[in-house]
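Protein chains: 2
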Amino acid sequence: MERSQELSVGRIPIVNVQPSLEEGRWPARAVVAEAVPVTATIFREGHDAEGATLVVTDPSGKQHTMPMPQDDWGNSLYKAVFIPTHEGMHSFRVEAWSDPVGSWVHAAEVKIHAGVDVQLMLAEGVDVLTRARDTVRRGAASKQHLTDAIAALTDGKLAPEARLEAALSDQVRQTLAKAPLREWVTTSAEYPLLVQREKALVSAWYEIFPRSEGAKQDKKTGEWTSGTFATAAKRLPAIADMGFDVVYLTPIHPIGSTHRKGRNNALEAASGDPGSPYAIGSEDGGHDALHPDLGTMRSFKNFVTHARDLGLEVALDVALNASPNHPWLDEHPEWFTTRADGTIAYAENPPKKYQDIYPFNFDNDPEGVYHAWRGVFKTWIDAGVTLFRIDNPHTKPLTFWERLLKDIAQERPDVIFLAEAFTRPAMMHTLAKIGFHQSYTYFTWRQTAEEMGEYLEELAGESSFYMRPNFWPTTHDILTPDMQRGGPPYWKMRAALAATGAPSYGIYTGYEFVESVARPGVEEQIDNEKYEYKPRDWSKADEHGMQTLLTTLNSLRSDHVALRRLRGLTVHRTTNPNILCFTRHVPANESPKGRADTVVVVASFDPHAINDAIVTLDMSAISKEDDDPIHVLDAITGATYTWGREFFVRLDPSQTLVHVATVRP
Amino acid sequence: MERSQELSVGRIPIVNVQPSLEEGRWPARAVVAEAVPVTATIFREGHDAEGATLVVTDPSGKQHTMPMPQDDWGNSLYKAVFIPTHEGMHSFRVEAWSDPVGSWVHAAEVKIHAGVDVQLMLAEGVDVLTRARDTVRRGAASKQHLTDAIAALTDGKLAPEARLEAALSDQVRQTLAKAPLREWVTTSAEYPLLVQREKALVSAWYEIFPRSEGAKQDKKTGEWTSGTFATAAKRLPAIADMGFDVVYLTPIHPIGSTHRKGRNNALEAASGDPGSPYAIGSEDGGHDALHPDLGTMRSFKNFVTHARDLGLEVALDVALNASPNHPWLDEHPEWFTTRADGTIAYAENPPKKYQDIYPFNFDNDPEGVYHAWRGVFKTWIDAGVTLFRIDNPHTKPLTFWERLLKDIAQERPDVIFLAEAFTRPAMMHTLAKIGFHQSYTYFTWRQTAEEMGEYLEELAGESSFYMRPNFWPTTHDILTPDMQRGGPPYWKMRAALAATGAPSYGIYTGYEFVESVARPGVEEQIDNEKYEYKPRDWSKADEHGMQTLLTTLNSLRSDHVALRRLRGLTVHRTTNPNILCFTRHVPANESPKGRADTVVVVASFDPHAINDAIVTLDMSAISKEDDDPIHVLDAITGATYTWGREFFVRLDPSQTLVHVATVRP
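Heads up: the protein sequence lines correspond to chains E and L, in order. Sequence positions in the first sequence follow my numbering and run 868 to 1532. Sequence positions in the second sequence follow my numbering and run 868 to 1532.
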């Protein structure tokens, strides 16, 4: 990565072009129809005018040119918004240039008004507009506007100010803005921008353990019969009806028997315990095989087809670990780590041992192990899987992921990877930079209004150009203390925050029932579905109104582009530390329908008491004036309110802890 | 500046290497003996250990390798400090690597202590230490330490814990730290670092108008006789005695007569008015000529030699403008701008006109005008000038400066350029990035303790790797309202802040007399020396104690490395908004003498009342523990104090508004 020392400042300097990840080391990311603000710091010597142009090259090599107006004088910031229409690798550059027309307009307006150098100003106008007409490629109409302007400047019948006014008609200004006279054009570096399909940013996941759906216990013998792809498929219509668009399956492969965990993570499994689906591999096969209880490849493909017909894509959970019975342990011991005593290393966090899990070694035979995994992913992609939830990607080399994700994207750029890494920020951010499309986040652990507000703003900031959060209020692994205690109103609030705080979110099945009892000493559910069958009585799914709520939230997400974008989030001041208010906003020029879209979310983090607050909105963040009224409809309660820059809210847990208020135009 | 798309993450990822300006677009800057902290974000998959190395390549091509330990676990930050010993273009890279010894040490310490896998851990230790011994180049002693360690691990006479302890002796750890076993070495990009002489960072300027020094008025006729280089040279010993090391001369060239300004900026000069030295050029010559009143080139060179003998370098003020009488207007009209009416454009800020100044055009004949200026600078460099103060560099193209400064540095890297640009941040920062060694700043306009504290921290931050501030409490152009009203105690405080707040500062002559009366309506001195002769009675120079103060400050700066560095500044909390406290600190390992150096500055911004405050020091910023006492000597009052984390100060304008307290070891 050696860089040239010949680089230098240009005639019209351009610095700090954004978005860029280490000046183009990795591409910035966007999805089709997502507005990409491109900014650069541009300035020049002295008092003459400069201008800027954004040039985007699309994957076909076609160049798209757009004006890049000044956005912030003090910071010398120029900005243009590019909205991609096609997937694929784009690139963009910024061009800065001397603007002789602008310099003349400024001087002429001041001096002619002051009666200074009037004839000189008119003569210089003729010069510069003639150059603008004759040296810039333009159509006949555009040429004619400039010819008329030049004629006006020399029209002896008019007073000088009238000549200038005629020469600077709106039409002439528009003509010049569209095709400006650009001198000393200076070009920035070329920055990569990878455009992906919209689902890479916007998705609503619903997680199930397929074996639980339709699992049955014999009342006499106590013996369980596993659910299958066929029985699990019966759950799909309800998931689709709620408005989810991804059904995510925990691992579906054969499960090891050696050191199998029993219910509630018992070290010894009892007879009939199905084992954790994350302990992958048995005599029935490894990561490219199906657990025989679930069905055949044909029934899996039927499941996928059925889901697809309902508008649901299938996400598969991939944990790159082996159970002691995984076929590769014998076939390819070089894909694991052999210790000094000749044994194969299991997972450890010294002195703790996890003898049911063997981590892979990616360095002994990098090509072999890479192609084995590439094959596993191909198997499932060929079977119709279009999303993967990767378990603990941060415990595998990043070189492996970067190669794999690039490789798969070459053939199947539609395939989406979600990184399940809860670790230090550098790793989480770099996983996103090297290609993961979505990332689990710390959302679940942000437990106060202030923490949540800061985190939402952070995620909507600089990292939004590469890291796309996926918010989960619970998972099969996570049940935070607040969720253990908060009760249904709190669960509803957290679901609403997840669904509106980020363009992607996910719900772990059973959320409908507020399954909030933890196994003592750990922050996960008691009787965890990881270790046992857990069929649920879906006829009671709406007893807390949760099914209705989720349906409402998904419907809002589909109606409101503001909820399908990551940038455009603003946290507003409230007078109560328990109450968070944020807005999501897409201005008219960035909205597919050409209409601004705004959603106001107000949430109380206190499930035990009534809280009220005065909220003060930063009105400029939602393209409003300070004294504009805001007419809103709260999708949670159905109530309408007229709010304004300041408004009062009262959140009563017996009613609702959250408003999700859409702003009427 | 197109970048490769092949760049990717490495086996042990390295991101965000600093210092770098746009990933190496321009070199970061340092001076000889200045500590350069190099940081990088480095992390890896899983739980195994990683390590890092900094590799600096000096101008001779020699590589210097130094360990780069972890500095901040949560942010995955590694840091090494490089202290250059030679001038010239260096480069550096970061190497990150897998640390199998570190991984083993961690596991062995935990597991052997817990009695788990004891024999395995000992066996793995033998393996890894054998690799460390045999595969890394090391001397005989180093090899023997590792052989002893391996023997200890297999010593059946010792208990396992004792074997481990023997194997991990301090000696073995040092041996391994010095020459670690590095696997999967990953290399960052190569980043440029330009090392310059110390004066580029550290300098004390004293500005004079040479014509004033020794100027005499005939009492009968009222006629003035100009001072000369010979008479001005008589002032040099006093300037040197105060401890300044740069004498800066306002322009010394012939002055135009057309549109000459009179006293107090009168539009018409009276007979005998000498004119502004910034209106350069007459029949006597232009920028490469000397004003005949001042003397010949020989007398100028004598002045330079005399200064040099006293330890003073000479800085020349270069204003790239022409008076209407500049010879180049006739010889090279293409170096100026011709308007549509055939006239040459003078300076304007429409509708205001500055008919005494003609700006250059750098675009009509870029090669011609460039070489003309290159010649001007060569003339003065050949005459012994080693610093230039560039008047308004931001009104000339940055391409011009970048080329000129690179060009001059090729032959004379010792020549230093100070940018006098008071404008928007983007321009000021980019002037520094492209090669200006020092920059005027907003110091003068930071008029509250809070503003000043924020500004000091800003300048000591990220931009310290390229922008070196030069602080001026006044100049011939600047007399801020606070300086007009503050009186001598306030002037002393501002001088002390300038001298201690940045490694470079400057004093405009006459500061000794607190010349604080402004011309009505403008923020500059009445009877401004720009437009008239202004001899001063130096026998009274210490009537306010200012000469003593300046001498004290310069002596402190020369004794304390902490005052000669830009980084290492910390602003501390005080209970009074009028009182600023900051420290400058160089830790022992970054200090040329190997001793930590700390200076505490406390200043009151209120010249009209007694102010007191409790100061709370961030003790970690000065390498102290919270309960350490701090014994200080205040250089301003000569008083000694014993301070600590919290201390009380009272600043009485009748005594002093500032303490500059050096910390005794």
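Possibly wrong hints are sitting among the right ones.
One copy or two, either will do: identical chains are not told apart, so a pair holds if it fits within one copy or between any two.
[Stated by the list, open to error] The list that follows gives simulated cross-link-like pairs (lysine to aspartate or glutamate, EDC-like), each with its CA atoms no further than 20 Å apart:
no.	residue 1	residue 2
1	Lys-1401	Asp-1155
2	Lys-929	Glu-954
3	Lys-1220	Glu-1065
4	Lys-1083	Asp-1404
5	Lys-1263	Glu-1234
6	Lys-1263	Glu-1215
7	Lys-1401	Glu-1198
For the record, the hints were derived by calculation from the structure and aren't laboratory data. Just so you know, these numbers come straight off a predicted model, no measurement behind them.
Against the structure, the hints:
| no. | hint | in the structure |
| --- | --- | --- |
| 1 | Lys-1401 / Asp-1155 | neither (25 Å within a copy, 91 Å between copies) |
| 2 | Lys-929 / Glu-954 | within (13 Å within a copy, 48 Å between copies) |
| 3 | Lys-1220 / Glu-1065 | neither (42 Å within a copy, 57 Å between copies) |
| 4 | Lys-1083 / Asp-1404 | within (12 Å within a copy, 106 Å between copies) |
| 5 | Lys-1263 / Glu-1234 | within (15 Å within a copy, 57 Å between copies) |
| 6 | Lys-1263 / Glu-1215 | within (15 Å within a copy, 64 Å between copies) |
| 7 | Lys-1401 / Glu-1198 | neither (35 Å within a copy, 94 Å between copies) |
Violated hints, in rising order: 1, 3 and 7; the structure is consistent with all others.
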